[in-house]
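2 protein chains.
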Amino acid sequence: MQGTARTPSPSETAYTPTDRTVPTRSPDRASYDRDLVHAILDEAYVCHLGFVRDGAPVVLPTLYARVGETLYVHGSTGSRPLRAAGQADPGLPVCLTVTHVDGLVLARSAFHHSINYRSVVVHGVARDVTDPEEKRRALDALVDHVVQGRSADSRPANKKELAATAVLRLDLDEVSAKLRTGGVNDEPEDLALPHWAGVVPVRKTYGTPVPDPDLSADTALPDYLQGR
Amino acid sequence: MQGTARTPSPSETAYTPTDRTVPTRSPDRASYDRDLVHAILDEAYVCHLGFVRDGAPVVLPTLYARVGETLYVHGSTGSRPLRAAGQADPGLPVCLTVTHVDGLVLARSAFHHSINYRSVVVHGVARDVTDPEEKRRALDALVDHVVQGRSADSRPANKKELAATAVLRLDLDEVSAKLRTGGVNDEPEDLALPHWAGVVPVRKTYGTPVPDPDLSADTALPDYLQGR
Numbered sequence: 001m002q003g004t005a006r007t008p009s010p011s012e013t014a015y016t017p018t019d020r021t022v023p024t025r026s027p028d029r030a031s032y033d034r035d036l037v038h039a040i041l042d043e044a045y046v047c048h049l050g051f052v053r054d055g056a057p058v059v060l061p062t063l064y065a066r067v068g069e070t071l072y073v074h075g076s077t078g079s080r081p082l083r084a085a086g087q088a089d090p091g092l093p094v095c096l097t098v099t100h101v102d103g104l105v106l107a108r109s110a111f112h113h114s115i116n117y118r119s120v121v122v123h124g125v126a127r128d129v130t131d132p133e134e135k136r137r138a139l140d141a142l143v144d145h146v147v148q149g150r151s152a153d154s155r156p157a158n159k160k161e162l163a164a165t166a167v168l169r170l171d172l173d174e175v176s177a178k179l180r181t182g183g184v185n186d187e188p189e190d191l192a193l194p195h196w197a198g199v200v201p202v203r204k205t206y207g208t209p210v211p212d213p214d215l216s217a218d219t220a221l222p223d224y225l226q227g228r
Numbered sequence: 001m002q003g004t005a006r007t008p009s010p011s012e013t014a015y016t017p018t019d020r021t022v023p024t025r026s027p028d029r030a031s032y033d034r035d036l037v038h039a040i041l042d043e044a045y046v047c048h049l050g051f052v053r054d055g056a057p058v059v060l061p062t063l064y065a066r067v068g069e070t071l072y073v074h075g076s077t078g079s080r081p082l083r084a085a086g087q088a089d090p091g092l093p094v095c096l097t098v099t100h101v102d103g104l105v106l107a108r109s110a111f112h113h114s115i116n117y118r119s120v121v122v123h124g125v126a127r128d129v130t131d132p133e134e135k136r137r138a139l140d141a142l143v144d145h146v147v148q149g150r151s152a153d154s155r156p157a158n159k160k161e162l163a164a165t166a167v168l169r170l171d172l173d174e175v176s177a178k179l180r181t182g183g184v185n186d187e188p189e190d191l192a193l194p195h196w197a198g199v200v201p202v203r204k205t206y207g208t209p210v211p212d213p214d215l216s217a218d219t220a221l222p223d224y225l226q227g228r
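In order, the protein sequences belong to chains A and B.
Under the UniProt record's numbering, read the first sequence as residues 1 to 228, first letter to last.
Under the UniProt record's numbering, read the second sequence as residues 1 to 228, first letter to last.
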């Protein structure tokens with residue numbers, strides 16, 4: 001599979017559940033729908049990447065991008081997980097998790113307090129990308145995943161920068177989404193209690209872009225940042 | 001340490017770095033300052049909890065709360081990590097990570113694109129909370145960590161709900177913060193390139209609270225939600 005991102009046949013509308021992607025709790029909140037998983041992944045750009053070092057878990061935040069059925073993460077060639085993946089055969093077992101918080105659910109009972117969220121959990125083996133063309137495409141995707149259109153409006157990485165950057169690929173095979181939506185689920189006998197109940201929406205917002213002090217005054221804010 | 005949250009002596013203003021809390025990359029972005037770590041932890045309420053199952057990493061989003069030098073997470077007594085922690089002696093090795101995204105850093109070069117962020121990584125052993133008083137305090141803290149003052153304005157958990165809920169504690173001993181702040185770090189020879197460069201601020205915002213349809217019309221929005 002090295003060299004190109006995996007493309008599923010159009011008939012595959014869902015990921016196949018496995019023992020570790022079927023949750024023990026609230027299985028009704030789990031989904032394997034490919035479009036839903038893609039939408040959750042495409043709306044974020046920071047994931048939490050877990051791996052095992054000396055038998056103990058490590059979880060680090062890092063940028064990622066999706067290209068078809070492949071996720072890419074990158075980092076310095078000197079970073080521990082990237083080095084480990086490059087040295088391991090066939091790669092580094094990882095769990096990559098992405099979470100959006102959509103709301104605070106305040107129930108009348110403390111027990112039924114909850115969070116509206118959408119998350120994706122990907123299990124698999126991360127492999128070092130060695131093909132130069134795939135690596136370059138992955139790096140473009142990492143920039144564009146944060147700001148669509150940006151990679152074409154920046155100086156591409158030179159040889160030295162490419163050599164200093166390691167890219168890992170993780171195919172979307174063992175994948176699940178989990179989400180909670182909707183309102184409060186109080187017990188019927190609690191409905192008359194005097195406590196306020198409802199949902200407080202939460203979302204990510206962008207402030208006014210702050211230009212670099214060295215930017216020449218005639219460099220306009222690009223279209224892809226308008227409305228951020 | 002069971003029964004009470006750990007309280008450090010006032011002289012301990014920083015956590016002691018260990019082999020796994022000193023990053024291999026960008027060590028200048030790491031901090032062990034206790035107040036900074038607390039501030040990062042107190043501003044979020046969803047963490048990513050990593051543990052090892054059958055030799056492979058698992059990373060799940062979950063709520064947490066801080067009480068002094070102790071973090072608490074909770075879940076159903078039927079959930080896999082909670083069950084594993086209850087059965088393991090002395091507990092479940094975990095890595096708990098909290099991340100805030102503060103800005104998108106757009107450099108003139110693709111290579112220097114970055115994210116402004118603040119994160120905390122906690123390594124340790126999560127232990128099942130068995131003391132009923134500590135468990136109740138932890139559950140109150142979990143509600144109040146999301147909305148300060150809310151636990152006093154909701155029906156407390158009853159015996160059945162308490163029995164269905166497992167709480168894990170994780171002491172803040174092996175802890176580090178890592179953060180990037182500030183502007184663009186382009187190479188001097190790139191400064192004249194025609195690409196826009198700067199920082200797009202990112203933050204979490206709250207929408208207007210949506211009352212539960214069953215809420216009686218005379219239940220006012222509580223003070224602790226005003227301004228959310």
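Please keep in mind that the hints were generated in silico from the structure rather than gathered at the bench.
Check each hint, because a few of them may be wrong.
[Said to hold, decoys possible] Cβ pair distances, simulated, as ranges:
hint: 1; chain 1: A; residue 1: Pro222; chain 2: B; residue 2: Asp42; range: 33 to 39 Å
hint: 2; chain 1: B; residue 1: Ala152; chain 2: A; residue 2: Glu187; range: 53 to 59 Å
hint: 3; chain 1: B; residue 1: Gly182; chain 2: A; residue 2: Leu191; range: 26 to 32 Å
hint: 4; chain 1: A; residue 1: Gly149; chain 2: B; residue 2: Thr130; range: 37 to 43 Å
[As the list claims (entries may be wrong)] Here are a few chain A residues that sit away from chain B, every Cβ distance over 12 Å (derived from the structure):
hint: 5; residue: Arg25
hint: 6; residue: Arg34
hint: 7; residue: Phe111
hint: 8; residue: Glu189
hint: 9; residue: Pro194
[Stated by the list, open to error] One side of the interface only, derived from the structure: several residues of chain A facing chain B at Cβ under 7 Å:
hint: 10; residue: Val22
hint: 11; residue: Val52
hint: 12; residue: Ala56
hint: 13; residue: Val125
hint: 14; residue: Pro188
hint: 15; residue: Leu191
hint: 16; residue: Asp218
We treat Cβ as the ideally placed atom computed from N, Cα and C, and that holds for glycine.
Verification of the hints:
1. Remark: the range hint 33 to 39 Å for Pro222/A to Asp42/B is upheld by a beta-carbon distance near 36 Å.
2. A hinted range of 53 to 59 Å is violated for the C-beta pair Ala152/B and Glu187/A, which are about 19 Å apart.
3. A beta carbon spacing of about 50 Å between Gly182/B and Leu191/A contradicts the range 26 to 32 Å that was offered as a hint.
4. Restraint check, Gly149/A to Thr130/B: a C-beta distance of roughly 55 Å breaks the suggested window 37 to 43 Å.
5. Against the 12 Å criterion, Arg25/A falls within the reach of chain B, whose nearest CB is about 5 Å from its own CB.
6. The claim that Arg34/A is not at the interface with chain B holds, since no C-beta of that chain comes within 12 Å of its own (minimum 21 Å).
7. The claim that Phe111/A is not at the interface with chain B is violated, since a C-beta of that chain comes within 12 Å of its own (minimum 4 Å).
8. Some Cβ of chain B comes within 12 Å of the Cβ of Glu189/A; the nearest lies about 10 Å off, and the non-interface call is violated.
9. In this structure Pro194/A is not separated from chain B by more than 12 Å, as the shortest Cβ-Cβ distance comes to only about 7 Å.
10. A hinted interface residue such as Val22/A counts as satisfied when its beta carbon comes closer than 7 Å to some beta carbon of chain B; here the least separation is about 11 Å, so the hint is violated.
11. Of the supplied interface hints, the one on Val52/A holds, with its beta-carbon coming within about 5 Å of a beta-carbon of chain B, less than 7 Å.
12. Nearest Cβ of chain B to the Cβ of Ala56/A: about 5 Å, under the 7 Å cut. The hint holds.
13. Taking 7 Å as the C-beta cut-off, the interface hint given for Val125/A is violated, the closest approach to chain B being about 10 Å.
14. Because the beta carbon of Pro188/A sits about 10 Å from the nearest beta carbon in chain B, more than 7 Å, this interface hint is broken.
15. A hinted interface residue such as Leu191/A counts as satisfied when its beta carbon comes closer than 7 Å to some beta carbon of chain B; here the least separation is about 5 Å, so the hint holds.
16. With 7 Å as the threshold, the beta carbon of Asp218/A stays out of range of chain B, its nearest partner Cβ sitting at about 9 Å, so the hint is violated.
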